[in-house]
Amino acid sequence: MSDQTPIFEARGLRVAIEGKEILRGVDLTIERGQVHALMGRNGSGKSTLAYVAMGHPSYEVLGGQVFYNGQDITELDTDERARLGMFLAFQYPMAIPGVTVSKFMHAAIKARAEGGTVQLREFREKLTSAMDLLGVDKTFTGRYVNEGFSGGEKKRLEILQMFMLEPSFSILDETDSGLDIDALKTVAEGVNATRSSERSHLVITHYQRLLNYIAPDVVHVMMDGKIVRTGGPELAHQLEANGYEWLEDELLQPAGAQETA
Amino acid sequence: MSGRSDELDINDDYKYGFHDPEVSVYKAEKGLTEDVVRKMSEMKGEPDWMLEFRLKALATFHAKPMPKWGSTELLNSIQFDDIYYYLKPTEEQGETWDDVPEYIKDTFEKLGIPEAERKFLAGVSAQYESEVVYHSLQKEIEAQGVIFLDMDAGLREHEELVRKYFASVIPAEDNKFSALNSAVWSGGSFVYVPPGVEVTMPLQAYFRINAENMGQFERTLIIADEGSRVHYIEGCTAPTYVRDSLHSAVVEIVALPGAQLRYTTIQNWSKNVYNLVTKRANAYENALVEWVDGNLGSKLTMKYPCVNLLGEGAHGEILSVAFANEGQHQDAGAKIHHVAPRTTSRITSKSISKAGGRSSYRGMIKVEPDAVDSKVHVECDALLMGDSSRSDTYPTMEIAEEQVQVEHEARVSKVGDEQLFYLMSRGLTEEEALVMVVNGFIEPFVKELPMEYAVELNRLIQLEMEGSVG
Chain A
71 MSDQTPIFEA RGLRVAIEGK EILRGVDLTI ERGQVHALMG RNGSGKSTLA
121 YVAMGHPSYE VLGGQVFYNG QDITELDTDE RARLGMFLAF QYPMAIPGVT
171 VSKFMHAAIK ARAEGGTVQL REFREKLTSA MDLLGVDKTF TGRYVNEGFS
221 GGEKKRLEIL QMFMLEPSFS ILDETDSGLD IDALKTVAEG VNATRSSERS
271 HLVITHYQRL LNYIAPDVVH VMMDGKIVRT GGPELAHQLE ANGYEWLEDE
321 LLQPAGAQET A
Chain B
-19 MSGRSDELDI NDDYKYGFHD PEVSVYKAEK GLTEDVVRKM SEMKGEPDWM
31 LEFRLKALAT FHAKPMPKWG STELLNSIQF DDIYYYLKPT EEQGETWDDV
81 PEYIKDTFEK LGIPEAERKF LAGVSAQYES EVVYHSLQKE IEAQGVIFLD
131 MDAGLREHEE LVRKYFASVI PAEDNKFSAL NSAVWSGGSF VYVPPGVEVT
181 MPLQAYFRIN AENMGQFERT LIIADEGSRV HYIEGCTAPT YVRDSLHSAV
231 VEIVALPGAQ LRYTTIQNWS KNVYNLVTKR ANAYENALVE WVDGNLGSKL
281 TMKYPCVNLL GEGAHGEILS VAFANEGQHQ DAGAKIHHVA PRTTSRITSK
331 SISKAGGRSS YRGMIKVEPD AVDSKVHVEC DALLMGDSSR SDTYPTMEIA
381 EEQVQVEHEA RVSKVGDEQL FYLMSRGLTE EEALVMVVNG FIEPFVKELP
431 MEYAVELNRL IQLEMEGSVG
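As they're listed, the protein sequences go chains A and B. In terms of my numbering, the first sequence is residues 71 to 331. In terms of my numbering, the second sequence is residues -19 to 450.
FYI, nobody ran anything at the bench for these hints, they're computed from the structure. Glycine included, each C-beta is placed from N, C-alpha and C at the ideal position. Warning: the hint list may mix true and false statements.
Unchecked claim - Partner residues aside, some chain B positions facing chain A, computed with beta carbon under 7 Å: (1) Trp29; (2) Val395; (3) Gln399; (4) Leu408; (5) Ala434.
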């Protein structure tokens, strides 16, 4: 596989849940080392794309394909995708009562490790330094996963996992929603610190706010189950300034739609 | 961590503790008659009062109807005439290793149980004398005046003490199965802890078993004298294979003023067993009694540990876990009887039903008049896996005093698809994800166990969860 192979690709992806078509032909290519932002209104299909990319069993792929590193993963189970190097930071992370953060983290790392073994000491050191970097409280590791966590704590844990698991491709599903500025900065720091030529990110967001801290290479806008426009960071600013209506109006003019496609 | 022996010193001890089996095999007589009871008592050389107690209990057993709860269908299918009530040494050996079901052997293998121990657990070799462990423990506690014997030896050596407390907490006529046990009991533990003595090491029945096999009708009596402290552990996480399908034990605890006693049970019977057990404690002034009770395996388990809070300021606690897998019915629960003022209790019941298994919580809280300022907290959590699994809650409360605080919480949850998706998105397989959710669910129970039991229980859950993913 040459380095030119995109880390992630959706081709003509059509997806339904409970019989209702949500994604209506999505084409998206993410190159290695890039940060892409996916913007759009609520209900435009952004989160659906995140779930489908990760293989959520409730979604039905009606057509099209998903590729990871050139491999067709459309039929793969969620855990297989994760072990290939994909990661999803959840908008609403689930609580796992009775399972401590450190136990959970250890299991996740072990699941991805070659031969299934992890040096406990190495693991602890890595966890401690990741927590320091992200400004996460030491007591975190002994708490049960997401149980009784505040919104900000949940998102911090997602970023901490992204940090520890070292995925090649991370999707952040509205990780910024409901966050105060400190938590937002933690999220941004997590992405920026893991940015490298080997790691790519798809940052899904409703607002441009997060993009003040994470400079995306490419910005996509999704409407009604399709990516309707792709551009540089300026696209996010245009949206911020003019609202989604502006884009809708533009799209109604046939010439405008060709501009950046 | 490279294996069991690294983490579990106790099992190292085991390897050396179990000697080669003595040739001590059993022959049995079937059926339950007065004659059988007389012969049994005579063989044991028991005092007359015990024989009379047995005979009276036998009559009670015959007269008592079957319980109308739990599973009446299964209860009524028990063939009492087809059971060996007393086993005595003889030259014939009934079972061989070949007769042990494959799934039991397989589980031993996976749990890494040492060869010699496997046969013992499978009931194939009649006995292992875990002398080394037991005797070193004995030496230590004897110096403190603690008595830790099997019940038969207890009766022989401490007759007055036994006579004073035997059946004082659970009379023979309490229920049909306590009557049965009273008539034909054999084995079990007798423990006495003198006033003010703190036994630092848990007393483990497992180390004590020498004269008898896994008893069918065990009788355990524990007396914690004033201000003493003791932790007693019964059972083990390894599956206990018995050919005889009825296990009906009676456990009585007397916690005298200021005593603190914890009784931990982990039972994992083979899937043919009817496990019908009566467990009760009397807690006097400021005494603390805790039942920590884990039930896996068996076909039907009916077990409701009870604490009678008889003295002011007494506290009772019952923490239980039941795992009902395919074809199993765990009817477990708890009973607390607040008799004295300012008594407190807490019940935490956790059940897991999987692949059509059925678990029930059956609880009884009784607060007598004058038990003023008493507090009760009941929490029942059920976890369901698979569409055909079942969980029921049957709480009963009889509160005759107004000035009390009673809280009851019940929750039923399913292992959610979203929970699994979350864990799988981190790379765990579906089965690993399920195991993690289930182990998390029982964590409040597991963290109360001694380390080696906790490790084994988690591993056991993993085995129970195997093949749960289609």
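For each hint, the structure was consulted:
no.: 1; hint: Trp29; result: violated (49 Å)
no.: 2; hint: Val395; result: violated (10 Å)
no.: 3; hint: Gln399; result: holds (5 Å)
no.: 4; hint: Leu408; result: holds (5 Å)
no.: 5; hint: Ala434; result: violated (13 Å)
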